[in-house]
Structure formats: structure tokens, C-alpha cells
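Chains E and L are the protein sequences, given in the same order.
First residue of the first sequence: 1, per the working numbering; consecutive thereafter.
First residue of the second sequence: 1, per the working numbering; consecutive thereafter.
Honestly, the hints are just simulated from the structure, not real lab data.
Errors might be hidden in some of the hints.
Below 27 Å or equal to it, Euclidean Cα-Cα: the simulated BS3-like pairs (lysine-lysine) are [claimed, not checked]:
{"id": "1", "chain 1": "E", "residue 1": "Lys292", "chain 2": "L", "residue 2": "Lys77"}
{"id": "2", "chain 1": "E", "residue 1": "Lys94", "chain 2": "E", "residue 2": "Lys317"}
{"id": "3", "chain 1": "E", "residue 1": "Lys292", "chain 2": "L", "residue 2": "Lys6"}
{"id": "4", "chain 1": "E", "residue 1": "Lys179", "chain 2": "E", "residue 2": "Lys317"}
{"id": "5", "chain 1": "E", "residue 1": "Lys179", "chain 2": "L", "residue 2": "Lys6"}
{"id": "6", "chain 1": "L", "residue 1": "Lys77", "chain 2": "E", "residue 2": "Lys179"}
{"id": "7", "chain 1": "L", "residue 1": "Lys77", "chain 2": "L", "residue 2": "Lys6"}
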Amino acid sequence: MAQVRELRCRECERTYAVAPIHVCDFCFGPLEPVYDYDAIAASVSRAGIEAGPRTVWRYRALLPIGDDVERVDLGTGCTPLIKADNLARELGIKHLYLKNDMANPTHSFKDRVVTVALTAARAMGFTTVACASTGNLANSVAAHAARVGLRAFVFIPADLEEAKIITTAVYGANVVAVKGNYDQVNRLCSEIAQTRPWGFVNVNLRPFYSEGSKTLAFEVVEQMGWEAPEHIVVPAASGSLLTKVHRGLSELHRVGLLDAEPTTSIHIAQAEGCSPIVAAFRSGIDHIRPVKPQTIAKSLAIGNPADGYYAARVVRKTEGTAEAVTDDEIIAGIRLLASTEGLFTETAGGVTIASLKRMAAAGAFQDGGRVVALLTGMGLKTAEALSGRLGPTVEIQPDLEAFRQALDFLELEDDLREDKRP
Amino acid sequence: MSVRLKVPTQLRQLTGGAPELDVEAASIRELLEKVGGDHPELLERVLDEGGEIRRFVNLYVGDEDVRFLEGIDTPLKDGEVVVILPAVAGG
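Excised from the complex, chain L in its bound form (with noise of 0.2 Å):
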């Protein structure tokens, strides 16, 4: 199935620029993995060496923190939008 990772300016550089990548995944875990094999050091940057979320980065499944759903394992319907944005800020 076919989703659109939502990349933060603060990493385009990693993407060529590309401000959304279209993946075909059916879990976080997936599109990550995939879009990591593109592009390794976006992969860096949003997993740490335990392979968890870091701590200063927000994955959104829709509407919704994937803290709240499965985390790294949330699986994914087509068509769906995953969004990364830094974690710091509001307050």
C-alpha cells in the first residue's frame, strides 16, 4: 500500500530537497526501513541505535502521535499521511 511521509524542512537536505517521499509500506517500521534505504541518514536522524523514535522526534499517523497508537510498529492503511516534526515546541 501506497503512503506519504511528511518531511521537515530541517531534513530535506537529506532528501534532495523533496518536502514528501511516496512509499509503499504497511507499518512505520516498513516505511522507515525503506525510505532508510534511500536515504541513511534520515533513517539516523529519526530512529537512535536502539532503533526507537528519538527523543526529540514526533511521528503523526493522521491525526494522531504514534506514541499513542503502536509507536514504530503502527501499521499503516493506503493512502495514509505520515507526518516527522520536531518535538520541541509550544509551551
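Same shape as in the complex, but just chain E (with noise of 0.2 Å):
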């Protein structure tokens, strides 16, 4: 891994080996890819990114992985950056754009963290790679090692969404569900991965994995003619997107892609029912206090998030705001996105559009900059929280009067006698 100097702990700073490891022997801080900054920005540029893949390892300049390694590719990344010009209408925003990342491979953000988990792992030689769940990573993790012949061990709380199990499981991983919620799902697998040799994407490989989030920010910067926009929206569950869409950031500038420090607030949604960093961040300190999560947001639903504490900070140091939306908000911010922008998002999603409306309406968009908001998971995959609340506009009996007889009782006559044929 010819980037990687060493790992370092993101607290004491002490220094490690590149291993298959995540946390500081000392104070169990976490570990992070130590780059040689210099020596990027001498090779790194603009032109030489847009000639690249297009694809999250254009950007591999910035990512913990040797030029010389065969990647786990499965096509992640380059996902439209859409102007919404409607939604932004409907909030008051001036200048709205959304990351589609329901474009990857599994439809989901997820898969950026895991090409390069996986791209790792077999690198170091694991036969058998892992993950603690919520359902997005689970589907992701699955993909990649189908592609690459690896086995796989997907653990996920018993009560997650049956698409989500059903889009783990066709790839051919072992699909464990855990009766017990994510925090516990999490705690077995740091168990697990103490006395297995196995690749766990989200703990052991962490360090690796994490790094793949940055290709948010790189994305979003370039498709914005290498400028930052000025605002970002990001959901969070363990907060370790929020800060790794941050650190990304600043990484573009330190190696002279970006010509001046960006100055992005990064704003930070999650669900009422789940909203510790939330909670930590409007309490004025960084300790996050757990919880015990109740959301339709099941991906979002870690009650104990290892990256809390930074994203906190990271909101607050850069200026952004914190919104948690009730479950009623997630399913009314879903139906907005549909019917505004035709794009079907999940319930995190939902999260994500309804904290921007809170925002919005609250005044943090005012200086009329840029918004990025980022839509890390797509609809299919949470179908049924939309159930029962969403069905046939009528059902009818096959023949024309029956058909004239619901626009009469839908009473849309006046706006159909507009209809012109071409």
C-alpha cells in the first residue's frame, strides 16, 4: 500500500504499521491512513482526475491503496450531481443540488467504503471478509466479495427490512441476523473479530474503509468545477460520512486541487428517534450520551455511533447546523423528493430532505450559497415503511364509463379539459 506511511491515532497520535487494525493500543482512539501529502500534490491534478475511471478510484491518489493492487471494482462512484431546481423552490433554497448515490452498484453510498474495504482485504490476504450492518453496507459487502470469490459474513439486527435481507442474501453471503438492535449487532462482531481471521470491513479494516467516504466530497468539488460548494447536508449514523466528507475537504486543498480552504458548513440530519449527535451537538459538548433508537431510519438507527464525538465537532467547527425529524417528516420528505425531482430516495433519505426543509426554513441557507445535499441510499430498499400509506390513486372494473366515473370522483375534470394533443 504505497500511499500509506503508517497508521496514526486520531487522538494520541501515536503511530502503527499498516495492519489490520483500528483502534490505538493506548487510548483506543481510532487509526487513520497517514498520507504524504507532498508527495501527492507534486504528482496530483486536476486534468490527470478527469482522465482517470469513471469511477471513486480516479481519486486514488487520496485513497489508502497501492497503485500496484487489484482493486475490487465494481463500477462505484461518478454519480450525478443533480440541480433540484424544483425542490429548491419548494424550501426557499437558491441553489439546491443533489448527490444521487442511489446510482452505485447496491444503490447505496455504501459501496465507496467497500470498494476499498475489499480492495484491502484481499490485499492482505483475508479469505473471509465481514461487516456489522444496517442493511446498505450489508448488501455492499456482499456484492464485492461475489465479484471477487471472497466468502462473506453479514451480521444485521433480526428486524431490518425484508428487501434488505433479500438484496444481502442473492449475492450468496452468509446473512446472520442478530436479534438485537445495530449497537448490539456491532458489540458481537468487535467480539467476533477478535478471535476470527476475518476481514471485518467496519472494524478491523475500518481505518481503510472509512477513507473511501472521502469520494463524496472529491465528487461533489469536481462536478462543481473543482470548487466547494459552500453548504453540505449529510445523514449520519455513525458520523463517520459527515467526517470523512470533511476531511476530504480539506485533503483537496492540502494537496493543491482546491485553491483556497474550503469553507463549507457541514450540516448534519438524523431521526428523532436516533439523534445522538444531535443531542450532543445542541448541548453545547461533544460527549455523546447513547441511545436506545425507535425509527422507520434503519439505517440510521446506531444509538451508539463510533464517530459521534468528531462529527459533532466537525458541525460545529465548520459553522453548520443540526436538524432530527419525527418518522412522519422521513415518509413526507421521501414523497417530496419523488414527486418534485422523480427520485425515490430511502428513509435516510427522507431524513436527509426533511432536515433540509427544517433548515432551510430556519434560516441556514441564507447567505444564498451553494447546497449539496447528499442522498446516500435509494427507495426500493425501504419500501415498506411507505406501506399503507401509499397505494392506487382508484381501482377500477376494465371498461371506459367506469373510467369516466372515477375523474368524476376524483374531480380532476377542469384540469384535464387543458390536456392538448401534440
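With the hints as a guide, bring both chains together as one complex.
Shown next as C-alpha cells:
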């Protein structure tokens, strides 16, 4: 792994040789890869990146994987950045963009972290990979493992949405449904990781895994013509994505790809039923009080977030804001996005849109700057959250008169008179 | 009462490699103080200067994180298992 010199503890700065380890032996702080930024700055360029593959690997200089390593790659990244004028008008936001990470191979941003983690796992010689997941990660680990013939063990809370279980099992992974919440699944995985020689992407491979999230920041900046937006709205579970988006922006400046130090405000979106990071931010201290999650946004239901402390600090440091939204607001957010922009996002995306709405109403974007909201996962996976709330507009017999009566019933005749035949 | 403390791999160099320690203790606090008598460095890694559980350390009694119980003052029953784990994982 050529680019990474060593791993360094984010807390006490002790350094470790590159290995499948994730916390400091002394303070248990998270380990992060250390890059030679001067060497990267000397070799990287906007033109070089633009000429690279249409995947996250165009940013390989800032990923913890050597150039000579064979990648585990399903074609992740370079997802659309969409100018969302309809939603912007609805919410009173001047310039709104949506980063559509539903367009990734397994339809969530998790493909970004997994392509990096499994590439590292294979290079290190692991034959079995594993993860604790709320669903999207399970999909992605199972798919990437299938692609390269690695054995996969995926641990999920047993009450996960059925679609997320099916879309994991289909790839042939061993799906272990654990009768407990995500935090309990996560604890179990931490214990298993101590006894088995497995590459747990979000335990012992976490320093490599989490770096993949930086590519969201890289892509947004490149797609905006190598400019950082004024605002990014990020949904948070463990807080890792939010923290790494911030790190990604800083690195672009550090290696000369951004002319100025980014001043992007990073805003955090959580579900009210699981909002320990928002609570820490609001309390003015960075101490995270773990909670027992109770929300339909299961992919964000982490009650004891590993990077919560850092995420709260990033929001404060960048002068971002924080919102926590109810289940009803999440559903309304999903429907608002779908009906204004034609994009169907999962419950986590509903959290993002509902929080975006609250932030706009509270004046968070009054500077008129560009706002980017991250849509991290797609709606079909959590369609059951909408069942009972959405269905056919009408149900009729198969004849014209029945249809005419239905239109009468819907009182649409006045609108329909405006229809023109082309 | 006798309880069992499970030591994570990161701290086993401080227990002479032992993955588990059996201790007579009626609370988390007593457990840590007793273990700290034999292995003072282990105590330092788990508790900060103010005697609070460190930010990046999770302590479990049975199925539950002690932060949901009475923290460092959580009482222990005979035969209970206490687990120390690094908090930074998952997500």
C-alpha cells in the first residue's frame, strides 16, 4: 500500500505500521491512514483525475491503496450531481444540488467504502470478509465479495427491512440475523473480530473502509468545477461519512486541487428517534450519550455512534446546523423529493430532505450559497416504510364508463380540459 | 461474588496475555479497582483522570452497555460477565 506511510491515532498521535487494526492500543482512539501529502501534491492534478476512470478510483492518490494493487471494483462512484430547482423552489433554497448516490452498483454510498475495504482486505490476504450492517453495507459487502470470490459473513439486526435482507442474501453471503439492535450487532462483531481471522470492513479494516467516504466530497467538488459548495447536508448514523466528507474537502486543498481552504458548512441530519449526535451538538458539549434507537430510518439507527464525537465537532467547527426529524417528516420528505424531482430515496434520504426543509426554514442557507444534500440510499430497499400510506389512486372495472366515473370522483375534469393533443 | 472480566486483545499485554480475569467484586467500580491493583496500567486505559469511563471505551455487563445502567457504579451479580471493548467500530 504505497501511499499510506502508517496508521496514526487521531487522539494521541501514536503511529502503527499498516495492518488490519482499527484502534490505538493505548487510548482506543481511531486509527487513520497517514499520507505523504507533499508527494501526492507533486503528482496529482485536476486534468489527471478528469482523465481517470469514471469511478471512485480516479481519486486513488487520496485512497489508502497502492497503485499496483488489484481492485475489487463494481464501478462505484461518479454518481450524478443534480440541480434540484423544483425542490429548491419548494423549500425556498436559492441553489440546491442533490448528490444521487442511489446510482451506485448496490444503490447506496456504501459501495464507496466497500470497494476500498475489500481491495485492502484482499491485498492483506483475508479469505473471509464480514461486517455489522443496517442493510446498505450488507448489500455492498455481499456483492463485492461475490465479484471476487471472497467468503462473506454479514451481521444484521433481525428486524431489518425484508428487501435489504433479500438484496444481501441474493449474492450468496452468509447472512446472520441477530436478535438485537445494531449496537448489539456491532458489539458482537467486535468480539468475533478478536477471535477469527476475518476482515471486518467496519471493525479491523475501518481505517481503510472509512476513507472511501471522502470520494463523495471529491466528486461534489469536481462536479462543481473544482469549487467547494457553501453547504453540505449529510445524514448521520455513526458520523463517519460526515467526518470523512470534511476530511476530503480539507485534503483537496492540502494537495492543491482546491485553491482556497474550503469554508463549507457541514450540516447534520438525524432521525428524532435516534439523534445522539444532534443532541450532543445542541448541548454544546461533544460527549455522546448513547440512545436506544426508535425510528423507521433503520439505516441510521446507531444509538452509540463511533464517530459521533468527531461529527459533532465538525458541525460546530464549520458553523453547520443540526436537525432531527420525526417518522412522519421522514415519510413526507421521501414523498416531497419523489414528487418534485423524480427521485425515490430510502428512509435515510427522507431524513436528509426533511432536515433540509427544517434547515431552510430556520435560515441556515440565508447566505444564498450552494447547498448540496447527499442522497445516500434508494427507496425500493425501504419501500415497506410507505406501505399502507401509498397505493393505487383508484381501482376500477376494465371499462370506459368506470374510468369516466373515476375521473368524476377525483374531480379532475377541470384540470384535464387543459390537456392538448400534440 | 465472583465475576469474569473479558479483556480485549488491545489490552492483553497488560494482563500477561490473559483474555479473561476472574475477580471478586460487587460493582464495576470495585471490579476495576481490584484489577487495577494487579494491573495498574489497565485501569488507566479504562478510566480517565476523573475516574470516568474513557470516551473510546465501552463496558458491558451481560447484554447491556453500562452507560444505560449506572455507569461505573453498576452493581454486579455473582457469575456476571463484564466485557471491555473499544468503542470505535461500526457505521
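Against the structure, the hints:
no., hint, in the structure
1, E:Lys292 <-> L:Lys77, "holds, 24 Å"
2, E:Lys94 <-> E:Lys317, "holds, 24 Å"
3, E:Lys292 <-> L:Lys6, "holds, 24 Å"
4, E:Lys179 <-> E:Lys317, "violated, 38 Å"
5, E:Lys179 <-> L:Lys6, "holds, 22 Å"
6, L:Lys77 <-> E:Lys179, "holds, 24 Å"
7, L:Lys77 <-> L:Lys6, "holds, 16 Å"
Violated hint: 4 only; the structure is consistent with all others.
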